[in-house]
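A.B. asks: Sequence:
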Amino acid sequence: MDSTRALATEAVHAGRDDLARQGLHAPPIDLSTTYPSYDSRGEAARIDAFATTGAEPDGPPVYGRLGNPTVARFETALARLEGTESAVAFASGMAALSAVLLVRASAGLRHVVAVRPLYGCSDHLLTAGLLGSEVTWTDPAGITDALRPDTGLVLVESPANPTLAELDLRAVAHACGSVPLLADNTFATPVLQRPAGQGARLVLHSATKYLGGHGDVMAGVVACDEELAGQLRQVRFATGGVLHPLAGYLLLRGLATLPVRVRAASANAAELARRLAADPRVSRVHYPRIGGAMIAFEVAGDPHEVISAVRLITPAVSLGSVDTLIQHPASISHRIVDADDRRGAGVSDRLLRLSVGLEDVEDLWADLDGALGHPGAPAAARGTVRHAAANP
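At position 235 of the sequence shown (counting the first as 1) the number is 216 in the working numbering, and the numbers step up by one without a gap.
Source of the hints: derived by calculation from the structure; they are not laboratory data.
Remember, predicted model here, so these are calculated numbers, not experimental data.
C-beta: ideal position from N, C-alpha, C; glycine also.
Some hints here could point you the wrong way.
[Stated by the list, open to error] Here are the in silico distance ranges between beta carbons for each label pair:
id : residue 1 : residue 2 : range
1  : His(-6)   : Arg292    : 38 to 44 Å
2  : Ser13     : Arg234    : 18 to 24 Å
3  : Asp341    : Gly40     : 50 to 56 Å
Take the sequences, apply the hints, and build the full model.
C.D. replies: In structure tokens, the structure reads:
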């Protein structure tokens, strides 16, 4: 990020700096899949250069799978917000993570060290070895001992999905030594933390969530240094996991309001976390020390009854939208994770995950209060918000 600009200013202007000089105010959407060129020798030279380094081709675009001007604006903006040299966008967060694993595997580094909990599909991708990777699960203190000569990546998520466990990213990065650390920053966004400034070499986002912010775009992005970005572009070109230009446009638009949305939703979440912690129908509340718009809470009663009883809050997967969503991780987002591994990572069968939106907090509380039903016996942890550590 430009050190002379505040985050809110960068969110509005990054990726758009050239518009006024072109006589434009809104970024254009380039929907072309291919681009005319009468210089085939020049095209050959640019393709050769891309094949060598993965650097974005100089001059006019060549083909939609190599890159797109609208998507490039979003990538530029996200890199500025995360404080990295580059960013590479993909069709989804899982496509982005898959590309990272393929890049490391192509260098003969198939071993991954990871800390639970992670998003359920990330966990499954590693555990099942779907891309030929091998994973060692450990707690933060065991990262250094888990490293091997063929370790290509250390993967963490903080705050973690769905328990909101937090890690000391600087300490984790130190434990990684020369092995790249990938930090999933989906829940925090660069508004709350910038992992690259704490030692992470790669920062992953499911851009479907807060970066888009309106539940109408699916995307993923990795912010990193240019060397890794070039390798990721080559994998994206080869595998075709490209982001559609309209999605890139929506994401760039979403970034403009990201700081405002995250801070407003976080204020709602902090108040709801306080009320839930004092409620006898709730046995435990997880809320990150850095704040944010996500809450996880364990109910004394049946969590499925709560899901079925909400009326204003939407019972649905995903998160980070302007409206509030609730889901039962053990049934949906983390169902694919082995039950013992899931519970061992703190994802209990009574845990609910709440993505708090921009509605009036009193309306949200009225809906939660009604969905929780009649009060039962006082909870053991009543009156406190639990700030979770990894592997609770």
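A.B. asks: CB of His(-6) to CB of Arg292, is that within 38 to 44 Å?
C.D. replies: holds, 40 Å
A.B. asks: Evaluate the given range 50 to 56 Å for the C-beta pair formed by Asp341 and Gly40.
C.D. replies: holds, 51 Å
A.B. asks: Falls inside 18 to 24 Å, the C-beta gap from Ser13 to Arg234?
C.D. replies: holds, 20 Å
The earlier numbered hints are all upheld by this structure, with none contradicted.
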